[in-house]
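Undergrad: For the protein sequence lines, the chains are Z and P, in the order given. The numbering used here puts the last residue of the first sequence at 199; the count rises by one with no breaks. The numbering used here puts the last residue of the second sequence at 427; the count rises by one with no breaks.
Hints listed in this document are in silico derivations from the structure and should not be mistaken for laboratory results. Watch out, some of these pointers could steer you wrong.
Said to hold, decoys possible - In the EDC-like style, the derived pairs of lysine to aspartate or glutamate whose C-alpha atoms are separated by at most 20 angstroms in a straight line are:
id: 1; chain 1: P; residue 1: Lys-393; chain 2: Z; residue 2: Glu-183
id: 2; chain 1: P; residue 1: Lys-310; chain 2: Z; residue 2: Asp-106
id: 3; chain 1: Z; residue 1: Lys-175; chain 2: P; residue 2: Asp-185
id: 4; chain 1: P; residue 1: Lys-394; chain 2: Z; residue 2: Glu-163
id: 5; chain 1: P; residue 1: Lys-393; chain 2: Z; residue 2: Asp-106
id: 6; chain 1: P; residue 1: Lys-310; chain 2: Z; residue 2: Glu-102
id: 7; chain 1: P; residue 1: Lys-221; chain 2: Z; residue 2: Asp-99
id: 8; chain 1: P; residue 1: Lys-393; chain 2: Z; residue 2: Glu-187
Unchecked claim - Calculated from the model, a selection of chain P residues having no Cβ within reach of chain Z, i.e. all distances over 10 angstroms:
id: 9; residue: Asn-52
id: 10; residue: Ala-83
id: 11; residue: Asp-119
id: 12; residue: Asn-170
id: 13; residue: Ala-247
id: 14; residue: Arg-421
Said to hold, decoys possible - Chain Z stretches covered by chain P per the calculated footprint, using a threshold of three residues with CB under 8 angstroms from any CB of chain P:
id: 15; stretch: 144 to 150
id: 16; stretch: 179 to 191
Idealized CB from N, CA, C, for every residue including glycine.
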Amino acid sequence: MKLNKTLLALAISTLFLSACSDTDEKDASLTDGSQNTSSGIDDASTSGLNKGPGMTGSEMGGSGANGGAGKGDYASTLGPEFNDPNNPLSKRTIYFMLDSSEVLPDFVPVVAAHAQYLIANPAQRIALEGNADERGSREYNIALGEQRAKSVASMMKVQGVSESQLDIVSYGEEKPAAFGSDEAAWEQNRRVELGYQAR
Amino acid sequence: MVFFRRILLIVLFGFNLPISHAAPLTIEITEGVESAVSIAVVPFASQSAPVNISAVVNADLARSGFFKMMAEQGMPGMPTTIAAVNYNEWQAVGQNYLVIGQVGDAGGGQYNVQFQLLDVYKSGQLLGYRMTSSAADLRRTAHHISDLIFEKLTGKKGVFSGRIAYITTNNQGSKQQSHQLQVADADGFNPQTVASSVEPLMSPAWSPDGKKVAYVSFERKSAAIYVQTLATGERTRVAEFPGINGAPAWSPDGSRLALTLSKDGSPDIYVLNLATRSLNKLTKSFAIDTEPSWAPDGSSIVFTSDRGGKPQIYSVSSQGGQEKRLTFSGDYNARASFSPDGKSIVMVHGNGNDYRIAVMELASRSINVLTGGRSDESPSFAPNGTMILYASKKGNTGFLSAVSLDGKMQQKMVFNSGEVREPAWAP
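Please put together the full structure from these sequences, using the hints given.
TA: What follows is the structure in structure tokens.
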């Protein structure tokens, strides 16, 4: 199938080139073109452009399906304390100031509560997902998101959480919680999400 | 030579496409320039060709910022052959150059396209070509005509038949997003998805030969860097260390990738040899070091670092060694890359809440801010160094823009679906 397509394409390009050589008004340029035929066909033999997206698509589709299980949903199966608005465990997002990875005083009790839970449940793992607002460059924001996640991680480790319970990933500005280009959206996006994972 | 090779590739390209998704988009010139060089592209004589070749050529040349294009209404005549041209008439309306042409149906879905570039004052032909194109390739043929005219008149290579890569995101606003890495013509037409994922894709970078793209994918729920051959779709995962795997940048010889890894703690710049897979750590600060980009001669790498408190641009030998700060003006300078001649860098330049595209000449350190948006990012030089492509945002719509090096010519490519970002101009 692919071979047939390649042959067809080659036939067409040969046709094209010969058509060119018959009619081009500028002989010098035309000769250049003809001389280049062989190298052109070398390039052309790697012609499976339609194969690419198909192959990649299925591969990525697979991993996407696996990844699709929502970590937030899992947390709701953990226990009633995670859904009690008066319990700090119900808060699973830590917010930050602009260009800062310092955990604000308001969120220290939240981080501490999750740390205590993790210490009491040493088989439990969580993902610390660092995020940034849209301002500035994307790769720098990846680094900033990671700093935020690491700052939550180190606070938990100081309290005794094992490093093996913590997975750190940064999405930078790639996974905004709020869309929009104003402070209201930005402050919701400068965050670390605590994702409880299946044991 | 390059011209004919590309034409050949394009023929194959066209025939292997499963479905060519039409590109519903608009290009608007948001800021024009009064160029001294005036040129009239007379509508070509055309027998029901599906593409208006002369209109595409006219739009290309207009976008370049080098020419003052003549509107059709002001033309003293519509000649399509050299015999029909009255040079005095065109002199009288102040035109320096004239482009005329014809498109003829050659049968079997093929078209004969011919054009001539005429010098009005010398009353003679500067350039003339006749070529054959399939219906599907007429747009590309038009871009090649633009390249030939541009090079003849400016001495610089045209970039109209080049390609760009960029990332798009659909279903903005909903939880489930889909991210695509696309490759399109330089004017945004004929987009093709070369990779897609429900998790973010980032930072596409063309190999120097234009055959591969390196990019970051989160498809396995953490960052990894892939190198994908565009012709086959085959790809290799070249970096998947704990932490950040980001910002791939090809060495000018294509043998190495500079990248950002945080496996040892803070993000640092590394150079990965693609053949041996050996890693050389270039920077060792405790701060953020990221966004490497190679000088065209391969001798040095510029990168972003916040070691001084705020992100600024630094430079280091590509072998490693003493690092040198390059930017001192503005409270945020990031994502630098070199101009093709190596004399300037383009970067994101932030002051207060505004992030704009700026060019800094390395010898004088003088900074020229080219754009006026609030959230402009990811600048990429055209291979001939005359324009810079970047991503911009207004409200929730992300779009691509191009600006001439003097900032006088601005244009906007608006895609109808989702957000478009991180453009990279193919070499």
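Undergrad: Now tell me, hint by hint, if it's right for this structure.
TA: Hint-by-hint comparison with the structure:
no. : hint                     : in the structure
1   : P/Lys-393 with Z/Glu-183 : 15 angstroms, holds
2   : P/Lys-310 with Z/Asp-106 : 25 angstroms, violated
3   : Z/Lys-175 with P/Asp-185 : 28 angstroms, violated
4   : P/Lys-394 with Z/Glu-163 : 42 angstroms, violated
5   : P/Lys-393 with Z/Asp-106 : 33 angstroms, violated
6   : P/Lys-310 with Z/Glu-102 : 15 angstroms, holds
7   : P/Lys-221 with Z/Asp-99  : 24 angstroms, violated
8   : P/Lys-393 with Z/Glu-187 : 18 angstroms, holds
9   : Asn-52                   : 21 angstroms, holds
10  : Ala-83                   : 15 angstroms, holds
11  : Asp-119                  : 16 angstroms, holds
12  : Asn-170                  : 13 angstroms, holds
13  : Ala-247                  : 4 angstroms, violated
14  : Arg-421                  : 8 angstroms, violated
15  : 144 to 150               : holds (count 3)
16  : 179 to 191               : holds (count 3)
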